[in-house]
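Protein chains: 2
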Amino acid sequence: MRIGIDLGGTNIAAGLVDDSLSITVRGSVPTPQGADAIARDAAALVRSLCEQEGIRPEDLTSAGIGSPGAIDTSAGTVIYSNNLAFDNVPLAGMLSEALGVTGRIGNDANVAALGEFHAGAGKAFSSMILVTLGTGVGGGIILGGAIYDGFNGMGGEVGHMVIQKGGVPCTCGRKGCWEAYASATGLIRLTKAALEKNPNSRMAAIAEERGKVSGRTAFLAARQGDETGEAVVTEYLSYLASGAANLINLFQPEVLCFGGGVSHEGPYLIDRLKPLVGAELYPVGEKKTALRLAELGNDAGIIGAAML
Amino acid sequence: MRIGIDLGGTNIAAGLVDDSLSITVRGSVPTPQGADAIARDAAALVRSLCEQEGIRPEDLTSAGIGSPGAIDTSAGTVIYSNNLAFDNVPLAGMLSEALGVTGRIGNDANVAALGEFHAGAGKAFSSMILVTLGTGVGGGIILGGAIYDGFNGMGGEVGHMVIQKGGVPCTCGRKGCWEAYASATGLIRLTKAALEKNPNSRMAAIAEERGKVSGRTAFLAARQGDETGEAVVTEYLSYLASGAANLINLFQPEVLCFGGGVSHEGPYLIDRLKPLVGAELYPVGEKKTALRLAELGNDAGIIGAAML
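Respectively, the protein sequence lines represent chains A and B.
Just so we're aligned: the first sequence equals residues 13 to 320 in the working numbering.
Just so we're aligned: the second sequence equals residues 13 to 320 in the working numbering.
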């Protein structure tokens with residue numbers, strides 16, 4: 013039995029993962045302030061899960077944790093994380109010490125991709141890129157069954173690929189990154205701009221009914237046949253497709269998966285996306301990258317962490 | 013002793029490559045029409061090189077060939093090549109038969125990257141991307157000492173990454189690919205546009221002296237302090253930097269090398285490029301991708317083919 017811990021800005025989620033990569037028991041606690049408190053609370057959560065299963069923490073095969081930020085996987089440290097205000101935190105070692113079992117650490121997006129590859133949408137494929145469409149655009153690249161993160165462990169920043177040079181400012185400091193267009197944040201920006209121009213649209217009524225504009229607003233309107241919503245979704249999908257085609261032309265992974273909030277639009281999203289991506293691909297033979305929705309949701313992070 | 017063959021649209025170049033990855037003898041013949049004639053002339057070239065070295069073709073360790081087009085490396089076939097009008101040509105097998113030694117085949121850009129990695133600018137590094145700035149923007153990705161080309165052998169199309177959505181039409185059918193801006197062709201387009209607006213510039217005089225506009229025109233003018241040339245070079249380098257930063261954010265290779273015609277601008281190019289790329293990178297720790305000029309020129313293709 014292994015333990016996987018998914019460290020987020022709001023919660024620490026953890027689960028015991030068996031040999032068939034199923035989560036047998038899970039739990040979560042709010043994320044406290046500071047590295048020491050995080051390691052302590054994560055260890056306590058793990059001990060309580062072990063107790064529920066009737067095993068001792070030191071009998072776990074391994075303990076893995078997925079953390080936001082820049083990770084030195086071999087040293088077991090978080091180099092830095094804006095999100096958690098971490099600066100060179102030896103989190104893997106802190107876990108090892110608290111639990112009496114070898115702790116391992118990985119970047120949260122990479123770890124989720126590893127879980128999705130082995131236990132989710134990537135199961136039937138030899139290589140995979142997971143693209144997470146949330147507040148930002150994250151991702152993880154799985155080649156040869158393992159996380160690919162470059163010579164320094166910082167690769168796979170799929171969201172920080174400029175697709176519109178000189179375009180919308182990105183949180184990373186560049187302009188025109190894929191993240192600035194294909195994230196939920198980018199979608200909300202497109203939606204708000206369209207609402208300003210079309211205050212009498214069905215989409216405007218939906219936003220008013222719901223009291224806010226979210227990543228769902230334009231999709232809801234488009235599904236109801238609203239022209240304004242349809243235009244936003246069309247523009248959003250066009251940006252999403254361009255970045256996806258870039259990734260395929262570069263990596264030719266056997267499958268490209270989409271996870272995160274926007275991916276909850278489901279088949280409506282992926283079915284509309286496929287022909288747009290197909291039209292932009294560099295010509296290849298008959299073996300084409302499959303496009304899929306991620307399947308595991310938040311479990312991917314726990315399962316992936318357990319596999320580190 | 014191994015043989016490496018670099019099949020181009022104009023010439024077939026070949027060389028015998030020893031265990032220290034040096035070319036001991038080399039030669040070339042014009043590329044004839046048709047696959048049978050190409051295999052025949054390539055085999056004859058190899059036999060003449062072997063004769064010069066006093067060895068028998070069947071004593072070669074291996075015979076590798078780098079070919080333009082889409083390659084099925086495991087089947088040993090060129091799936092298609094516009095350049096050579098090939099359609100499912102079993103070139104590796106044709107070579108094997110003609111020479112009595114196992115023939116292997118790879119895409120020419122990938123093969124050149126393999127040579128550059130093992131015997132040239134990549135020698136001291138663990139992973140590399142080679143970007144070739146010629147008529148197009150080609151490239152090859154070397155991870156774990158081997159060519160990375162995706163699950164279908166078609167990965168590594170670094171030039172066909174959109175960096176300016178809706179921008180200049182690319183030969184591949186998309187708009188705004190890196191190739192359309194960072195190739196010599198893209199540089200010439202920028203140069204011609206600037207010449208039309210600035211017919212009295214030093215750059216215009218240089219173009220007239222030389223009787224044509226080439227990828228060198230703007231660089232020559234910029235080196236002489238011409239404002240028009242400087243503006244073109246600045247714009248060109250800005251596009252080059254954006255695509256390079258994209259590749260680094262995705263792959264974090266230990267070294268990114270530039271080859272092809274435009275790279276002959278040498279240190280002037282790379283020294284100006286480095287800070288532009290640096291400014292666009294996603295923040296990483298102290299381990300940063302090195303930027304280098306390729307070292308082997310056309311020999312990379314021969315040496316890489318010999319290593320297949």
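Among the hints, erroneous ones may be present.
Since the list can't tell identical chains apart, any single copy or any two copies may satisfy a pair.
[What the hints assert, rightly or not] Using 30 Å as the maximum straight-line C-alpha spacing, the simulated DSS-like pairs for lysine-lysine come out as follows:
| no. | residue 1 | residue 2 |
| --- | --- | --- |
| 1 | K135 | K224 |
| 2 | K209 | K135 |
| 3 | K204 | K300 |
| 4 | K209 | K299 |
| 5 | K299 | K204 |
| 6 | K135 | K204 |
| 7 | K299 | K187 |
| 8 | K135 | K187 |
| 9 | K224 | K187 |
| 10 | K299 | K224 |
| 11 | K204 | K187 |
| 12 | K204 | K286 |
No lab work stands behind these hints: they were computed from the structure.
Structure-based check of each hint:
1. K135 with K224: Classified as neither; 38 Å inside a copy, 56 Å across copies.
2. K209 with K135: neither (45 Å within a copy, 57 Å between copies)
3. K204 with K300: neither (36 Å within a copy, 38 Å between copies)
4. K209 with K299: Classified as neither; 43 Å inside a copy, 47 Å across copies.
5. K299 with K204: neither (40 Å within a copy, 40 Å between copies)
6. K135 with K204: neither (38 Å within a copy, 51 Å between copies)
7. K299 with K187: between (34 Å within a copy, 24 Å between copies)
8. K135 with K187: Neither way: K135 and K187 sit 35 Å apart in one copy and 34 Å across, limit 30 Å.
9. K224 with K187: within (27 Å within a copy, 35 Å between copies)
10. K299 with K224: neither (43 Å within a copy, 43 Å between copies)
11. K204 with K187: both (20 Å within a copy, 27 Å between copies)
12. K204 with K286: This pair counts as within: shortest intra-copy Cα distance 26 Å, inter-copy 38 Å.
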